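Asks: Read off the chains here:
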Amino acid sequence: MAIPNSLLWAVDIFGRVYTLSTAGQYWELCKDRQLEFKRVSAVKHCCWGIACDHQVYAYIFSSDVPIRYQEETYENQRWNPVGGFCEKLMPSDRWQWSDVSGLKHQQLDSFTLPSPHWEWESDWYVDENIGGEPTEKGGWTYAIDFPATYAKDKKWNSCVRRRRWIRYRRYKSRDTWAKISSHDDPKQLPDPFNDISIGGWEITDEPMGRLSVWAVSLQGRVWYREDVCHHNPEGSSWSLIATPGEAVQISCGPYDLLWATLWEGQAIVREGIDRNNPQGISWTIVEPPSSENGILHVSVGVNVVWAVTKDRKVWFRRGVNSHNPCGTSWIEMVGEMMMVNVGLNDQVWGIGCEDRAVYFRQGVTPSELSGKTWKAIVSGRESDRSQTGSSTSLLSAGCFFSDDVREQMSLIVQSDADISSDTESPQIHPNLADTPLSDAAATINGNNGGSQSAEASANAAVDPLDSAPEEASPASDNGEKAGLEKPESSADQDPHPAELQWTNIDLKEAHKKPLLSASTFPETSSLSSLGMFSVGVEEHYGADEHPLWAWVCGGGCLVDSHSSLKWFTLQSGLLSSVQSLSLSISPAQTTAWRKQIFQQLSERTKRELENFRHYEQAIEQSVWVKTGTLQWWRSWKPHKWTDVRVALEQFTGNDGMRDSILFIYYMFHEEKKYLHVFLNEVTILVEVLNDAKHSFALYTPERTKQRWPIRLAATTEQEMHDWLALLSMSCCESRRIQGPPSHQAIWSITCKGDVFVSEPSPELEAAPHLMPCDQMFWRQIGGHLRLIECNSHGIVWGIGYDHTAWVYTGGYGGGFIQGLASSADNIYMQSDVKCVYIYENQRWNPVTGYSNRTFHTSNYNAKGAEEEVKGDLPAMPSLSVVSDWYIDFNISGGTDREGWQYAADFPTSYHGHKTMKDFVRRRRWARKCKIITSGPWLEVPPISLWDIAIIPSSAADTEESIALWAVSDKGDVLCRLGVTQQNPAGTSWLHVGTDQPFISVSIGAFHQVWAVARDGSTFYRGSVSPQKPAGDCWYHIPSPPKQKLKQVSVGRTSMLAVDKNGNLWYRQGITPSYPQGSSWDHVSNNIRKVSVGPLDQVWVIADKVQGSHSLSCGTVCHRTGVQPLEPKGASWDYGIGGGWEHITVRGNATEAPKTALHETSEEHSAKPTDLEDGENGGKGNHSKTTLMVNEGQELERNSVNC
Amino acid sequence: MTDDKDVLRDVWFGRIPTCFMLYQDEITEREAEPYYLLLPRISYLTLVTDKVKKHFQKVMRQEDVTEIWFEYEGTPLKWHFPIGLLFDLHASNTALPWNITVHFKNFPEKDLLHCPSKDVIEAHFMACVKEADALKHKSQVINEMQKKDHKQLWMGLQNDKFDQFWAINRKLMEYPPEDSGFRYIPFRIYQVTTERPFIQKLFRPVAANGQLNTLGDLLKEVCPAAITPEDGEKKNQVMVHGIEPMLETPVQWLSEHMSYPDNFLHISIIPQPTD
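Chains as they are written, first to last, in this note's numbering: chain B, 96 to 1297; chain Z, 1002 to 1276.
For the record, the hints were derived by calculation from the structure and aren't laboratory data. Quick caveat: nothing in here was measured; it's all calculated off a predicted structure. Errors might be hidden in some of the hints.
[To be verified] Pulled a few chain Z residues facing chain B out of the computed Cβ check, cut under 7 angstroms:
id, residue
1, Arg1016
2, Ile1017
3, Tyr1037
4, Gly1243
5, Thr1250
[Stated by the list, open to error] Distance condition first, Cα-Cα at most 30 angstroms in a straight line; then the derived DSSO-like pairs of lysine-lysine:
id, chain 1, residue 1, chain 2, residue 2
6, Z, Lys1139, B, Lys470
7, Z, Lys1172, B, Lys661
8, B, Lys690, Z, Lys1172
9, Z, Lys1162, B, Lys721
10, Z, Lys1152, Z, Lys1172
11, Z, Lys1006, B, Lys701
12, B, Lys690, Z, Lys1235
13, B, Lys701, Z, Lys1079
14, Z, Lys1221, B, Lys690
15, B, Lys721, Z, Lys1131
16, B, Lys467, Z, Lys1139
17, Z, Lys1236, B, Lys701
18, B, Lys721, Z, Lys1119
19, B, Lys721, Z, Lys1152
20, Z, Lys1149, B, Lys721
21, B, Lys788, Z, Lys1149
22, B, Lys690, Z, Lys1162
23, B, Lys690, Z, Lys1202
24, Z, Lys1139, B, Lys661
[Stated by the list, open to error] Here are a few chain Z residues that sit away from chain B, every Cβ distance over 12 angstroms (derived from the structure):
id, residue
25, Tyr1024
26, Thr1029
27, Val1060
28, Gln1063
29, Asp1112
30, Leu1114
31, Ala1128
32, Ala1135
33, Arg1189
34, Phe1199
35, Ile1271
36, Pro1274
Each residue gets a CB set at the ideal place from its N, CA and C atoms; glycine is no exception.
My request is simple: use the sequences and hints to build the entire structure.
Replies: Written as structure tokens, this is what we have:
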């Protein structure tokens, strides 16, 4: 349900392009309907097609984020004694206007828009930023001579200077078919196109959004479109790729598979496609299944190839993978198809040979790529729906027109089908399976007729429509080769454009056309009338509404075994409206009847119980015990997993409250012993990922201090989840916590992606005695996220590892927390994709070169463990592997062409090129895993995000919109419009222009917006207000000296930032009149993330503490002693960890009572001096030891493991 | 924020203060004191009255102690109806505690079923749960459960363990996301004024037009007499668990949240009190 909606594309026989959403039930006509198309090929974000003019068009989906391209050129000047810096350069110098290298002459006016689909965003302007540092006005950077290192300061020996001019152009032809014009030499121009296929986005991420676009021209030549990527959606030019024969059709998979068909009937397979060579190197010929019936059509996915031969039989290629793109042999599949198309997840669609319906291959899974059966998609078209809708009203108004009556009937038939559709059109399958071609038409037609005899008269007008495929298929059968050879007859599949004048036909005309052609096919008509009443009495859906399709493409359509599609049953509109999801406070919660029930129940309890509490209970409360066998990570050395008996005893106190004790019985030197935990002391139950064990950790405040939780493991994931669910329910019960978290809640995320929430008590921030944060109780909320942000109005957003944005629905539970501990109507499916890494390490020796292949686990912290994985993963049941192992090139430090990084020895810092001193090298292999879980989250499509910020609190009433900023995964800064408490998801994104990609943004009280760019430079956004939500311009703020920032967080008046070296900085001198502040103050090192709350409270995820080299997992820490006059606080209080990735305290605006605060401020100011002993934010003795206890391996083992 | 889950707890922990008195004609060795008890609304009389039996046995001759049965104002109380239903049907709008008369003699064979042991109650309870699931899920859910799950339902009820019971029962309350509810709603409507013990018919939670059926729709279809005609005087109370839900309440919601542990919605229709 919350899985992203995506689109299936199809072209009907009239050339009209339709899309069908995975969440929808109707085919919707493409927005731009000026053109008729022969072919379309889609991916998630765009669709390419060949129109009837045989030209290529690209349809780029619109988005709140523009496609921008930065043009740049440099202005160069040299100093001369007379005029100072001037345009006069020496003859050996570069041009006055050049590119960055100085080799290319580039004047401002030499830049032109590449195609009519672009427009300039603004005029040229000077970039006043060099490597994250602001320059002087004018943007000049100085050097001794060209080419050299440039600096922002002018020195006595600065002889040359240059500055960068930039100008953005914007792609404007979105949500429309943009003709791809070619600037190539006319002689080189490809002849008219015949087929197109796009894919290859999995080959490499560089450049961003890169696509392989392949096309076949009518003369059988294969073309590759160069440079298609996100910033250049049209690509630049066509390159001819030589083929061993004349190609007819081509298919490009998401990764490195590329097949084409030759008109002699063989297929050709492209070999050698990889990230360095996306065009591939050579072709290999694959023979068709039988020589008499050549291959007509192929379609490829990641690891599959499907084909249709000239006799319309469907074939599956066995043994296809990246290493063997040709596969081994053909397997014949059931069914006869015009064409088949492989989409995302290797799912398959086809167009039925007889009925021209779109079929979906059911049951395609990674383990069973050939699927199980073909299932017809019966979704109607949007236009049909509006027609039937109107005819219903006509009918009810008593108007009977013949046409309308017929449609009305079919509507009734449809709704009948809907109600009793326990069997879903089973009669289709036999047709596909074994009915010979000639009979099939009769069967299909018969089915229509059989549906209702009352429709018989209407059918006369309908049946010929069904014979339309007949019209096409004999033609292609008879003229086999001819049909493929000649340009004009290749239009066979959609014969209309030549003969039909109308372009913007509506449905009625479409009905009439076949009426005319019926006379030319008398025998099919008679066949159909013969078969009319013979079969298929149960056939419900009226074929008169059945669109006839010519082409289908699932390349952008995300379907998997978890998807529930509404394509296979005809639905009435009413039902769907009942199911429609409503976010935020569902109106149902506040309906009168519900309120009445709540109220009456409490009145009843009062009436029947209040005066009778002294009565004896009929049923005595007894102790309830759950026992089981688990494994326990024993607490003495050598540490290892030990079998233990575990018992949970629940008993009810006199006050009716439940309390529970967990007993763990173990053997110590053959002596029976046990340890026990009162569940009301447990602060967190957290799943741990390691050792292929299904294990979890249990912390109490004491054990948090010790950094030594109780660790238990179960044999199956299910068993572990049963225990976790039971234990967490008992914990919540003993703390009287139920229902959704409050708006004040503190949210955090572990490196496993698990979401935890804690209810802050007023004593957490200010009280006579501050509550230590190791006493905070954390409970899990379903879902899998990388980042989470909230504010005190209950607006919570998260970002998954796959950068999907999620908004909190107000529920609780989900995941393994089910039943009573979970809310019912606001828990949805959630999916995420996470990479699992292993490292391949090699050492160089003089004789054999690099050798000793060893693999290490993803956990580079656990290097001591020296676990050899050798390509296999520890079992992770909640993950399903979605990709094969591939080399990861996006690793910090860079890699060479083969993904290797070099270093002098393990373990040091690696770099991407080999030098003399390097004796070891490593490369990282990654594998994508999909996680399917559930939680109170709904997707906010379609833009993927990197960072989010929500204004912590504002006096605004609930109606007013709440400021929410974000950074997209491409680095665009965005501002969400329409976010309110009623609609926390907001309505749309407003793009905020920047000169470079950003990585972090934060908005504090009074709409102070701070952001960090990818190069580490910091910006303040001016004039942001409710009236002007995006503000007006960026002010470049110099970063702390020699540091590049990576994250910012702004509270009420405090602004803190974390740099790439883990330093935490406080911005000094922020005042209402000068919100940019004046300077940076160092607060602490070893900080990974900071969250500043609405009370200016400071919480961080702290990394390793000095002296413990292996401790890199995060710990939640709270800055104590933060006072209005002491905004940097005094010391750290250590909470839960390690293994924490993220925390947000931006919802916690609970201020302690003023009086209490006053009294204690004295007391407090004394406290910090005692404790302030550490440079690194290390607190007093006891807390310092807490982080240092059991350092080394033991700490790693306890952490959640990242 | 009040949550639907709270309704389940309120329903489960509903208690009726009851005063048990021995029937005057029972022969006792000394005077029998009345016995006060909080009865769980969702349980069965014979399941929770061991203490009552023990209490009155003490004052009686051993040979006179036979099968216990209960009566309220002349009406024998059927043990196989949940206690809350018995109370709503016969004694709502009366002063509390509920005065129940305890009998050992003259078992009313034509009115009551014998209840020789708890196994009989368990069998009756499980039969109801199964019947309800047949209506809701064509028995698919209950049949997929293991024997121990069935036992857990019963033990949950018997020992008044809400969590234990609901850990299993929630599965019986689920329905496929593509449907808007159960296949049929398991309900029984009781009236004191008629001879028929109760009304039970097939009734879907969602109407043909896709609208959710409400309590009002249900009554209109199966018991139109119970509905107050427009601008007529209210003659009846429609009561579940001692409250009168609004007729606009969707029956699917009622079934999920206000069914008795036997998974049936036991609805009492009783005359409007005239005070």
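Asks: Are the hints correct? Go through all of them and say.
Replies: Each hint tested on the structure:
1. Arg1016: 6 angstroms, holds
2. Ile1017: Holds, because the Cβ-Cβ distance from Ile1017(Z) to chain B comes to roughly 6 angstroms (cut-off 7 angstroms).
3. Tyr1037: At 5 angstroms from the nearest chain B Cβ, Tyr1037(Z) passes the 7 angstroms test, so the hint holds.
4. Gly1243: At 5 angstroms from the nearest chain B Cβ, Gly1243(Z) passes the 7 angstroms test, so the hint holds.
5. Thr1250: 4 angstroms, holds
6. Lys1139(Z) <-> Lys470(B): 26 angstroms, holds
7. Lys1172(Z) <-> Lys661(B): 25 angstroms, holds
8. Lys690(B) <-> Lys1172(Z): 26 angstroms, holds
9. Lys1162(Z) <-> Lys721(B): 13 angstroms, holds
10. Lys1152(Z) <-> Lys1172(Z): Given that 30 angstroms is the threshold and the Cα spacing comes to 15 angstroms, the pair holds.
11. Lys1006(Z) <-> Lys701(B): Within the cut-off at roughly 19 angstroms; holds.
12. Lys690(B) <-> Lys1235(Z): The hint holds at about 22 angstroms.
13. Lys701(B) <-> Lys1079(Z): Satisfied, since the Cα-Cα distance of roughly 27 angstroms is no more than 30 angstroms.
14. Lys1221(Z) <-> Lys690(B): Holds. Lys1221(Z) to Lys690(B) sits at ~23 angstroms (cutoff 30 angstroms).
15. Lys721(B) <-> Lys1131(Z): Given that 30 angstroms is the threshold and the Cα spacing comes to 27 angstroms, the pair holds.
16. Lys467(B) <-> Lys1139(Z): 27 angstroms, holds
17. Lys1236(Z) <-> Lys701(B): Status holds; Cα separation ~26 angstroms.
18. Lys721(B) <-> Lys1119(Z): 24 angstroms, holds
19. Lys721(B) <-> Lys1152(Z): 15 angstroms, holds
20. Lys1149(Z) <-> Lys721(B): At roughly 14 angstroms apart (the allowed maximum being 30 angstroms), Lys721(B) and Lys1149(Z) satisfy the hint.
21. Lys788(B) <-> Lys1149(Z): Holds. Lys788(B) to Lys1149(Z) sits at ~28 angstroms (cutoff 30 angstroms).
22. Lys690(B) <-> Lys1162(Z): 27 angstroms, holds
23. Lys690(B) <-> Lys1202(Z): Holds, because 28 angstroms separates the two Cα atoms, which is no more than 30 angstroms.
24. Lys1139(Z) <-> Lys661(B): Since the Cα atoms of Lys1139(Z) and Lys661(B) sit roughly 23 angstroms apart, the hinted pair holds (cutoff 30 angstroms).
25. Tyr1024: 20 angstroms, holds
26. Thr1029: Holds, since 21 angstroms exceeds 12 angstroms.
27. Val1060: With a cut-off of 12 angstroms, Val1060(Z) remains clear of chain B, as the shortest Cβ separation is near 18 angstroms.
28. Gln1063: Gln1063(Z) clear of chain B: closest Cβ-Cβ about 25 angstroms, beyond 12 angstroms.
29. Asp1112: Correct as stated: the minimum Cβ-Cβ distance to chain B is 23 angstroms, above 12 angstroms.
30. Leu1114: At roughly 21 angstroms from the nearest Cβ of chain B, Leu1114(Z) sits farther out than 12 angstroms, so the non-interface label holds.
31. Ala1128: 22 angstroms, holds
32. Ala1135: Label holds. Min Cβ-Cβ 17 angstroms, cutoff 12 angstroms.
33. Arg1189: Holds, since 20 angstroms exceeds 12 angstroms.
34. Phe1199: Given a closest Cβ separation of 22 angstroms, the condition holds.
35. Ile1271: Consistent with the label, Ile1271(Z) stays out of reach of chain B, its closest Cβ about 15 angstroms off (over 12 angstroms).
36. Pro1274: Given that every Cβ of chain B is farther than 12 angstroms from that of Pro1274(Z), nearest at about 14 angstroms, it holds.
In terms of the numbered hints stated before, the structure departs from none.
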